[in-house]
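Novice: Chain by chain, the residues run as shown.
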Amino acid sequence: MTTVATPPRRLGATMRRDRWWVQPVLVVTSLTLFGVYTIIHAIVSNYYAITAGGAHLQSPMFSPDLPGIIQFHTSLPWAFLVLWAPLGLRSTCYYYRKSYYRSFFLAPPSCAVAGAARRKYTGETKFPLVLNNMHRVFFYFAVIVIGFLWYDAIRGLFYHGSFGIGVGNAIMFVNVFCLSAFTFGCNSWRHLIGGKLNCFSCTPAAQTRHNAWKRVSILNGRHMQWAWISMFTVWGTDLYIWLVSSGAFSDPHHVF
Amino acid sequence: MSETIDLAHAPGPRKLQIWRGDLTSGELVEYELETEPGMVVLDAVLEIQRSQAPDLAVRWNCKAAKCGSCSAEVNGRPRLMCKTRLDHLPADEPITVEPMRAFPLIRDLVTDVSWNYRVNKQITPFTPRESLKPGVEVNEKGEFLIDQADTDRMSEFRKCIECFMCQDVCHILRDHRLHDRYYGPRFMMRMASLDMHPLDGVDRLDQIADEGGIGLCNITKCCTEVCPEGIHITDNAIIPMKERVVDQRHDPLLKLLHRTPNKGRRKPPPRTETPTL
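Which chain is which? The protein sequence lines are A and G, in order. Just add 3 to the spot in the first sequence (first one is 1) and you have this note's numbering. Just add 6 to the spot in the second sequence (first one is 1) and you have this note's numbering.
The set of hints was computed from the structure by calculation and includes no laboratory data. Source: prediction; values computed, not measured. No false leads were slipped in.
Straight-line C-alpha distance at most 30 Å; calculated DSSO-like pairs for lysine-lysine:
#, chain 1, residue 1, chain 2, residue 2
1, G, LYS139, A, LYS217
2, G, LYS72, A, LYS217
3, A, LYS199, G, LYS127
4, A, LYS199, G, LYS273
5, G, LYS127, A, LYS123
Isolated chain A (complex conformation) (with noise of 0.2 Å):
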């Protein structure tokens, strides 16, 4: 029998001796790669659409078209007046939170490994955490910018008024259903669509919002995917149009 010294309750504490730590890495390194190049590309505001032999491919991140469809003009970024919508989704989702609380603010890192020392724990009570009760605002209008997505992606197979298909139109279409299973997986429209009731079987509504509820469930079930699929997703389909449109390389594509 031997006696074993017990490390304090220090930040990162803990027994554990797995890799806990490379989850909240990984997060803050995706996280922080997004949103920097989100930004950018929102203040720099070119190359967003694919516009050559009659294409019109609209970047996911430039959506809806605000200069194309009401000539909006404005030497200010202007896609922000649309990006706040998607990403105010993203940064007050349920998925989302846990993974920025576990990485950017260290509460806790992981599970069972002491957090950061705070003066007083609030939580999401409090100014301005609080405001991740808005999520479902932020959802009703993320429906809007999925609507104007599907529009985009199906007028891109359109070149001067043909048909046609191409690299472009099948990235396009991956990324607006990826985003759509997002969002409809989202746990404030699971509520809305029948978690809501106290009662599923009382009335033929109740009963109709029930099998919209379990369906809903399975798209929730994997949220947490759906949130990264989706984000790589917009990002890649950005990053496609910007080197497409910037004539780094064409994309192939055919008109029948």
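We have chain A already, so just place chain G on it with the hints.
Specialist: Just chain G now, kept in the frame of chain A:
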């Protein structure tokens, strides 16, 4: 928090570092014992108690992962000792066994979890609505009638064995010691099961938001990760309750439409105490 089975580990000598001490002082004490195939951590601890440390305090009961008594922190993670096989743990290093950190230590591996029972007493139990429809919601014998669709959602919460590992891993209780301001995941789940009950007639949303302190939860999902019953505590109980509080307090659209949740349910009786640790 999954771990792979260490197939290379054959039965043989293993070292366990077990927390020995009380509220005033303590330390990890290392023991060595011969292990057998299929042994779980509780087997090893009880063998050490039998052969080397008869004064070792450990709480256990069913040895079948159903009573929730043998909760401890094995290699730094909250686990049921009776459900944690030695061959699931790395063979090349000692196994640490410590008591739960969120509750006051009594001695060695035994903690005082009575705070949880005091919290539980603050929650108004199931109280049927006054307006139950005869023949639809209650039969002539006075038995409640409820559709399967409505019980399915709540039955997940009934799997809880009250091991309190979700409470232990919750950083609000574990690190910030806010036992007087947050009921913890286990009781958020209990209140969710009551609030979602179609025949219940009590509106607990104010209690969930105020005394229960649901706003303190930042949904890091550790409670879900450690639950030995696999209950989706965060997604199916805490987040739905947060959303109901949003319905009541934060949604401008619902406020405009006067669509308040739990309409017609009566307020619960006032709580008698603030449960402190």
